[in-house]
Each structure stands twice: as C-alpha cells, then as structure tokens.
Amino acid sequence: MRAAGLRLDDRDIAILKILQTEGRITKAALAERVNLSPTPCWARLQRLEQSGLIESYEARLSVKAFSPFSTVLMEAELDSHRAEDFEKFEVAVQNIPEILECWAVGGGIDYIIKIVTKDIDGYQRLVDRMLESKIGLRRYFTYVVTKPVKQENALPIDLLFESEKPEE
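Residue numbering for the sequence shown is 1 to 168, as defined by the numbering used here.
Be aware that a few hints might be false.
Restraint-style ranges between C-beta atoms, simulated for each label pair [unchecked claim]:
#1 T39 / R82: 45 to 55 Å
#2 R138 / G23: 38 to 48 Å
#3 Q94 / Q151: 17 to 27 Å
#4 A4 / N153: 14 to 24 Å
#5 H81 / G23: 36 to 46 Å
#6 L159 / P40: 20 to 30 Å
#7 E58 / E98: 13 to 23 Å
#8 K134 / F66: 28 to 38 Å
#9 T142 / T39: 50 to 60 Å
#10 Q20 / E98: 18 to 28 Å
#11 R47 / R138: 39 to 49 Å
#12 D119 / E90: 19 to 29 Å
#13 Q151 / G108: 20 to 30 Å
#14 P68 / E90: 24 to 34 Å
Capping the alpha-carbon separation at 27 Å, the derived lysine-lysine pairs in BS3-like fashion look like this [claimed, not checked]:
#15 K147 / K118
#16 K114 / K150
#17 K17 / K150
Hint data in this document are derived by calculation from the structure and do not stem from the laboratory.
Computed from a prediction, not measured in an experiment: that's the story for all the values here.
Using N, Cα and C, we set each Cβ at its ideal position, and we do this for glycine too.
Work out the full structure, taking the sequences as your base and the hints as a guide.
Written out as structure tokens, the structure is:
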C-alpha cells in the first residue's frame with residue numbers, strides 16, 4: 001500500500017492506527033503493540049513523520065469543561081469568485097481564532113465553517129466583524145449545533161487501503 005509516496009506495510013499501518021487514538025503512547029509500548037523491537041519501530045515512526053503522514057500530536061480539549069459555549073456551522077458565500085477574492089477570504093479566516101475549521105466546497109456555497117463562541121451573541125458579533133472587515137463575505141447561513149452526535153478525528157485507515165489489499 002502507498003501513501004505520501006511511501007510503501008506501507010501492515011506494521012506501518014498499525015503504527016498509524018494506534019497513534020491516531022493513543023498519541024501519548026510510549027515508544028516502547030508502541031513497539032510492543034506492533035510486534036517490533038524499539039529501534040526499528042522508532043525508525044519507522046521517524047519515516048512516517050518525515051514523510052508528512054503524521055502531521056502533529058495534540059490533545060483534544062473539552063470545551064464544555066471550560067464554560068458554556070456554542071458551536072455553529074456557517075455556510076458562507078463570497079461577493080466575487082476571482083482567485084484573489086478566495087485568497088483574501090482564506091487568509092482572513094486563518095486569523096480568526098473562533099473559526100476552528102473551514103472547508104472550500106463545491107455547490108451553491110463557497111465555504112462551510114465550524115465556529116465556537118461563548119454564546120450565540122458572541123457568534124453574531126463575530127459575523128458582524130467579518131462583514132465589516134470587507135473580506136468578501138456576501139451571504140451566510142447559520143446552523144446552531146444542538147448536540148454532537150459523532151466527533152472523530154481518526155481516519156478510517158482500513159477503509160482507505162481496502163482496495164489495495166490483495167485478494168485472498
């Protein structure tokens with residue numbers, strides 16, 4: 001199987017699967033779980049990191065443990081659809097801390113944005129700032145998240161490589 005220009009075997013894939021959900025696992029425990037001695041496991045891990053398959057290690061914080069909050073999904077449409085307009089908007093989005101994720105999408109809208117604010121009033125103030133800042137936002141549609149149903153950051157690695165597995 002190939003990813004990021006690397007040939008991956010079952011142990012590489014096992015390392016990736018484990019690290020997605022257990023980023024703090026010790027190198028010794030990781031080596032044991034994938035049935036390797038620590039030195040070869042460490043070499044594989046470095047290769048996976050250097051290839052860009054592993055972007056970072058981070059903790060997922062519980063926003064609700066800090067205070068009440070609102071998660072809002074926004075559909076955003078820009079005034080104009082020139083390359084420089086998209087770039088201007090995307091640069092601006094990088095500097096708005098309440099925006100956790102932003103995806104450029106095809107279809108009737110230009111972006112879907114995930115925003116976290118203390119409350120809905122905070123969200124509206126953010127939208128007002130975006131509109132006043134002249135970053136090209138023409139229209140937006142708001143969807144308030146009432147409850148998370150599934151939140152998963154781990155890629156379904158087995159499914160991604162499913163078509164590459166040799167038939168038995």
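Legend entry - Those earlier numbered hints the structure runs against, lowest number first: Per hint list: zero violations.
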